[in-house]
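Protein chains: 2
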Amino acid sequence: MASIIEPRVLKGFRDFLPPQEIARRSLIEKIEGSFRSYGFVPIDTPALEYAEILLGKGGGDTEKQIYRFKDKGDRDVALRFDLTVPFARFIAQYKQELGLPFRRYHIAKVWRGENTQRGRYREFTQCDVDIVGSESAAADFEILLVMRNTFKALGLEVSIHLNHRGLFNKFLTRIGAAEKSVEILRTVDKLAKIGEEETRRLLAEITGEDGAARILQFINCRGTYGEVLKTMTELSGGPSPESGRLEILRSYMADTGTGDSFVLDPAITRGLDYYTGIVYETFLNDDPSIGSVCSGGRYDNLAGLYSKDPVSGVGASIGLDRLAAALEDLGKPGERPSYTVLAVAAGGEEEAGRRQALAEQFRARGIPCEVLLETGGRGGGASADGKTDSKADGKALVRQFIQAEKKGIPWVLMPPQAPGGTLTLRDIGARQNREGLSLQDVIEIVGGGAKGQMRRPYDLP
Amino acid sequence: MASIIEPRVLKGFRDFLPPQEIARRSLIEKIEGSFRSYGFVPIDTPALEYAEILLGKGGGDTEKQIYRFKDKGDRDVALRFDLTVPFARFIAQYKQELGLPFRRYHIAKVWRGENTQRGRYREFTQCDVDIVGSESAAADFEILLVMRNTFKALGLEVSIHLNHRGLFNKFLTRIGAAEKSVEILRTVDKLAKIGEEETRRLLAEITGEDGAARILQFINCRGTYGEVLKTMTELSGGPSPESGRLEILRSYMADTGTGDSFVLDPAITRGLDYYTGIVYETFLNDDPSIGSVCSGGRYDNLAGLYSKDPVSGVGASIGLDRLAAALEDLGKPGERPSYTVLAVAAGGEEEAGRRQALAEQFRARGIPCEVLLETGGRGGGASADGKTDSKADGKALVRQFIQAEKKGIPWVLMPPQAPGGTLTLRDIGARQNREGLSLQDVIEIVGGGAKGQMRRPYDLP
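Protein sequences, first through last, are from chains B and U.
Residue numbering for the first sequence is 1 to 461, as defined by this note's numbering.
Residue numbering for the second sequence is 1 to 461, as defined by this note's numbering.
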């Protein structure tokens with residue numbers, strides 16, 4: 001006999017067994033339903049692209065993490081490491097065809113060969129939304145609103161901390177630290193991770209003790225949205241288009257009654273260079289210590305590497321894996337082993353067709369229904385007279401109830417012994433039989449739950 | 001200014017723009033809904049695996065097509081080229097945890113660096129279902145039934161041509177050609193592609209003129225399921241477990257009233273070595289010339305490379321890309337540019353919050369609603385008194401109607417000028433306004449269509 005290859009996956013990669021995959025699919029379906037309800041439309045791009053496209057002129061950290069290789073045609077190719085770069089390429093390529101402004105979502109896997117410490121994976125799923133081709137505050141606000149409401153659809157209240165990169169830069173200009181802006185923003189971005197004292201030390205290295213003190217005064221500003229905006233406006237030299245943008249966003253929050261979800265937080269800067277307007281991060285009210293589960297911001301020139309026309313936009317990205325882990329930590333329900341609401345008990349070989357025909361009656365009504373496949377015993381036919389044909393059959397039936405319970409199936413149906421007979425329905429949770437039922441009875445008993453379960457989250461109640 | 005990188009994708013790879021991606025997602029949602037309704041549960045596995053796992057001892061054609069490289073840790077890795085091999089590895093690894101019998105579905109991308117002629121892509125999507133851990137005819141039939149009904153859910157009538165590998169082998173044994181079985185099956189598998197005369201020539205090379213003639217007699221057998229089964233049984237030496245399996249499947253077809261969808265076809269052999277029981281291919285009644293859109297069969301030992309315990313099963317795979325292309329060729333509707341049912345006209349900057357608040361009323365009722373973002377003009381506020389504020393506003397409004405029409409949005413809503421005023425609804429198709437409406441009126445007018453559109457295909461009507 002040939003030797004056995006040990007079944008295993010690569011470090012940093014994961015299999016998803018049914019309970020986890022059902023939970024993930026449920027998250028994705030709710031997120032997708034929310035995105036669609038705002039008019040975002042899906043796109044898809046290849047997992048594999050020219051390395052030149054994905055890396056641009058860059059390199060650095062990305063270069064170190066990317067899965068890059070030569071294909072059989074000797075092309076220099078790589079797996080995408082985010083959805084932003086392929087979107088930039090996509091917009092440069094199809095801008096005319098798509099028409100602007102354009103709202104897209106993209107939920108897909110990306111790959112990074114990074115260090116696998118701290119629950120980080122080398123294959124993970126991002127859920128991105130962007131509006132490109134609009135510089136309006138309305139677009140900024142819509143991204144904030146869709147994020148807030150997407151988390152609401154997941155049963156989560158969030159606090160979205162936002163800031164304006166441009167206003168921060170105005171402040172830095174005022175204190176004479178404008179040319180160190182990129183380094184300063186990156187340092188401030190680490191505040192939550194490294195603490196205030198370390199941030200002060202690093203800022204002092206960049207811009208001196210006095211500059212560090214003034215920057216910390218700016219980013220430590222706390223209070224209501226209005227209070228913080230007032231202070232930020234003053235510290236940055238008075239009213240400006242940037243402070244005006246934050247002011248109008250505040251009015252939109254009031255108009256939509258969503259103000260409670262937003263915190264104006266000058267410490268939010270986002271490390272990435274391309275943001276130029278609002279930036280934000282999102283924390284779960286149930287456990288902010290998990291860190292940001294969604295972030296994004298406004299950029300001036302998305303597709304600059306691939307096109308001479310600048311395309312501005314605003315977007316957000318949810319890290320699905322971090323979110324799923326957070327929900328698990330919070331003990332939020334979600335995992336179930338099966339979609340099945342009703343199982344038809346297995347019968348003898350000659351009955352399998354009729355049992356499938358019975359199951360079809362439920363499937364046609366939107367009730368997921370499986371026919372159990374008995375494997376443990378011989379001739380174990382289970383039928384509906386409450387009793388069973390023999391001791392062996394009784395055991396076969398008990399095995400099937402156990403199988404249903406393990407799969408989280410709430411009901412098992414035992415068909416009639418003779419055509420035209422009545423049905424018996426086993427309530428697995430209550431460990432009780434309901435006898436003498438018609439098909440219509442069973443549809444009514446199990447149908448309510450099934451309708452709820454199979455409905456998309458954005459359907460009417 | 002830095003030079004521009006030409007935006008492009010790799011040969012054999014594709015971007016999906018919103019209309020195509022919406023059509024694909026709709027297909028996947030319907031297929032997934034059908035799979036779930038039978039009790040199949042989803043799993044996921046990594047795109048990247050150890051090359052050893054994916055290639056086994058093999059090589060040959062697969063080796064030539066696979067995307068294989070060394071990762072940064074010098075591991076020999078590859079992108080999956082199908083979903084069957086990862087599933088075999090998965091079953092070997094988690095069999096105990098999953099419990100058998102086990103029904104799974106997996107819809108995901110796979111990669112093959114093959115020749116890109118004839119509409120073949122290097123990145124494509126497979127939709128697989130399998131039942132493992134059951135040798136029963138009931139499991140065979142369920143796979144046949146789920147495939148028939150999945151296509152029905154897509155609005156397609158199919159003919160599923162099936163055969164039994166074991167019965168074919170019995171026949172080959174009887175004519176003394178058993179040891180050439182693999183070559184013969186592969187040759188017969190090409191019949192539709194290369195024609196009868198070329199098949200006869202190739203078979204004669206393998207097993208002589210007389211053998212070729214007898215094999216062609218066997219595979220050319222036509223008639224009703226019962227007639228063909230009778231002839232096959234005779235030619236293979238009389239009743240056997242294999243002919244019995246085909247007989248019981250026939251009774252299941254009768255029990256479920258699905259006989260019209262199935263053709264017993266001794267010319268179906270499937271090239272792949274691992275099939276041992278039933279094998280089948282699926283043709284669209286609207287255009288069989290497209291070729292098989294779904295195929296599969298029963299195997300005795302799925303996970304043999306990774307485990308000493310044999311696990312038998314039966315499964316099927318739909319090639320999503322071929323199916324999508326077939327639907328397009330057949331002119332089946334499916335592509336639409338947006339999910340949005342209702343668009344709220346753009347207003348001036350100060351109105352954007354209130355217009356989002358209005359849109360939320362529809363989203364909360366499951367009606368996908370977007371707020372248009374005007375970019376073409378200045379101050380273009382559109383409101384509901386049927387007229388507009390100025391000529392500029394009138395133009396802005398027309399631009400928005402055109403935008404809605406391009407996106408396939410049937411309705412545009414113009415909010416009241418003053419709080420408490422009535423709403424005006426533009427029917428984009430009819431090019432007419434309906435004035436003096438309340439919120440409830442608009443919900444009723446646009447809600448019916450929205451409900452239908454956002455409902456999962458397997459929900460109750």
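Keep in mind that a hint or two might mislead.
For chains that are exact copies, the list does not tell them apart, and a pair is met inside one copy or across any two.
Said to hold, decoys possible - Keeping only pairs whose Cα atoms sit at most 27 Å apart, straight-line, the calculated DSS-like set for lysine-lysine is: (1) 406 - 64; (2) 30 - 64; (3) 70 - 109; (4) 109 - 72.
No lab work stands behind these hints, which were simulated from the structure alone.
Predicted model, so just to flag it, every value in this text is computed and none were measured.
Tested hints:
1. With identical chains, the CA atoms of residue 406 and residue 64 are never at most 27 Å apart, being 45 Å at best within one copy and 43 Å at best between copies.
2. In this homomeric assembly, residue 30 and residue 64 never come within 27 Å of each other (Cα to Cα): the closest approach is 34 Å inside a single copy and 40 Å across copies.
3. In this homomeric assembly, residue 70 and residue 109 come within 27 Å of each other (Cα to Cα) both inside a single copy, at 21 Å, and across copies, at 20 Å.
4. In this assembly of identical chains, the alpha carbons of residue 109 and residue 72 lie at most 27 Å apart whether taken from the same copy (23 Å) or from different copies (20 Å).
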